[in-house]
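**Student:** Chains A and B, in that order, are what the protein sequence lines are. For the first sequence, this note's numbering begins at 3 and goes up steadily by one. For the second sequence, this note's numbering begins at 181 and goes up steadily by one.
Hints in this document: simulated from the structure, not taken from any laboratory. Since the model is a prediction, treat every value here as computed from it, not as a measurement. Yeah, the Cβ is synthetic: ideal placement off N, Cα and C, and Gly gets one too. Treat the hints with care, as some may be off.
[As the list claims (entries may be wrong)] FRET-style restraints, in silico, Cβ to Cβ: (1) B:200 / A:168: 28 to 36 Å; (2) A:145 / B:199: 43 to 51 Å; (3) B:293 / A:158: 53 to 61 Å; (4) A:196 / B:189: 19 to 27 Å; (5) B:199 / A:142: 49 to 57 Å; (6) A:34 / B:252: 52 to 60 Å; (7) B:199 / A:196: 25 to 33 Å.
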Amino acid sequence: MPIILTTQAYCKMLLHAAKYPHCAVNGLLVAEKTKDNKKDPSAPVLCVDCVPLFHGTLALAPMLEVALTLIDTWCKENRYFIAGYYQANERTKDFRPNQVAEKVAARIAENFGETAIVMVDSNRLTMSCFEPIVVIFDHHENKWKSRDVNQDCFEDWCEAQKITSSLLEGRSYEQLIDFDNHLDDLRNDWTNPVINKSVLDLC
Amino acid sequence: MDPFLSFTEMRDKLRKWREDNCRNSEQIVDVGEELISDHGSKLGDDVWIIYEQVMIAALDCSRDDLAMTCLQELRKQFPDSHRVKRLSGMRLEALERYDEATKYYEAILQDDPTNTAARKRKISILKAQGKPAEAIRELNEYLEQFVGDQEAWHELSELYINEHDYGKAAFCLEELMMTNPHNHLYCEQYAEVKYTQGGLDNLELSRKYFAQALRLNNRNMRALFGLYMLAGRGTKENKCSVKAVEEMLESMQITMS
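Turn these sequences into a full structure, and let the hints steer you where they fit.
**Tutor:** Spelled out as structure tokens, the structure:
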């Protein structure tokens, strides 16, 4: 079951990576719960949003568990579920999922079997965003295998490209809040209403 | 960024960022570039340290033009300086010319084997090239000689955490806590490492250090959340109930503002 990214999800992932170019960053992808109980197994999962988690040191457990607990509660209130995980590594040339990515994805997979890992290829991050720079990994036979990424992995690639480029040029990433920022100051809202509104305004 | 900052405001901002060791490179480039070009003459001797600060920020932002301008001014003023040579090396690193950069640093070390900056840059190159095991080895050797270098201990703890060697990361943080007993951040990071290691003894230690971090700074939210996560766990003798945590917090008069 392939995942598809909305503009908001893709945008915020890239803004997170752009805000901390010298750090590894990670976050969760969320999708909407479908109303019907009979899910078509081949239907793609639409990741409508992402929650930026941490920057810098990703391999420590306690704050990750706090984040998963709080985000889980938020998901239930909004009829979302956690469908995937994204990460951008510290070294731009490295876009393979590491142990942290696999561990978190395994944790998510306990609740949603088709969890995907989305790695951001920071090496190809440009202001113009002329091509998608994510690499999507699916779990097959105990290994994480990458899948071809093209415009079909996006709800609307042209819109995503245009809006992401615009927000990068406007330095909107300075206002992006991740969970680390929230832990530094609880008033910082990791649901990012400000950025969400900017995305909406540009649609 | 307010485009109408005065000269003193810009200079003070740069000073604060220097003192706090912030890596807000885009802002430093914005403010610094303007300060240098419009107010260079008013800066006096401060100009050299600002050139250095702006140069490093420019490297972060791929502004090689600005970096070269700053570097050339510094080279003119301090022709034989190792400190400036290190900046030249950093520029080569930014251009990913790692072998040349390493040669620069080795030349500095030939001249002055105690030059810690050059040694640390060599270790950074190993990190950039994706050679964490070698970086760790070199950093360990460095710390045998320069045992008091806190930045190095902290870097080593991060390298170990990334390699999932939590035991050794804890050791590094213990060194930092010994020399900085009032630093709540080290306590809290130590508690996080212990928590990640797992096992009853480590969780017990984790709880103690989260509590200590909170006592040192009652606004440390990570420590507070850490305590909540650990409440209800532990052996029968040491079980820390949520109620006990809440009572403890009340007695410390922690409130979420």
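**Student:** Run every hint past the structure and note whether it holds.
**Tutor:** Hint by hint, here is what the structure shows:
{"no.": "1", "hint": "B:200 / A:168: 28 to 36 Å", "result": "31 Å, holds"}
{"no.": "2", "hint": "A:145 / B:199: 43 to 51 Å", "result": "48 Å, holds"}
{"no.": "3", "hint": "B:293 / A:158: 53 to 61 Å", "result": "60 Å, holds"}
{"no.": "4", "hint": "A:196 / B:189: 19 to 27 Å", "result": "26 Å, holds"}
{"no.": "5", "hint": "B:199 / A:142: 49 to 57 Å", "result": "51 Å, holds"}
{"no.": "6", "hint": "A:34 / B:252: 52 to 60 Å", "result": "56 Å, holds"}
{"no.": "7", "hint": "B:199 / A:196: 25 to 33 Å", "result": "30 Å, holds"}
Violated hints are absent here; each numbered hint is respected by the structure.
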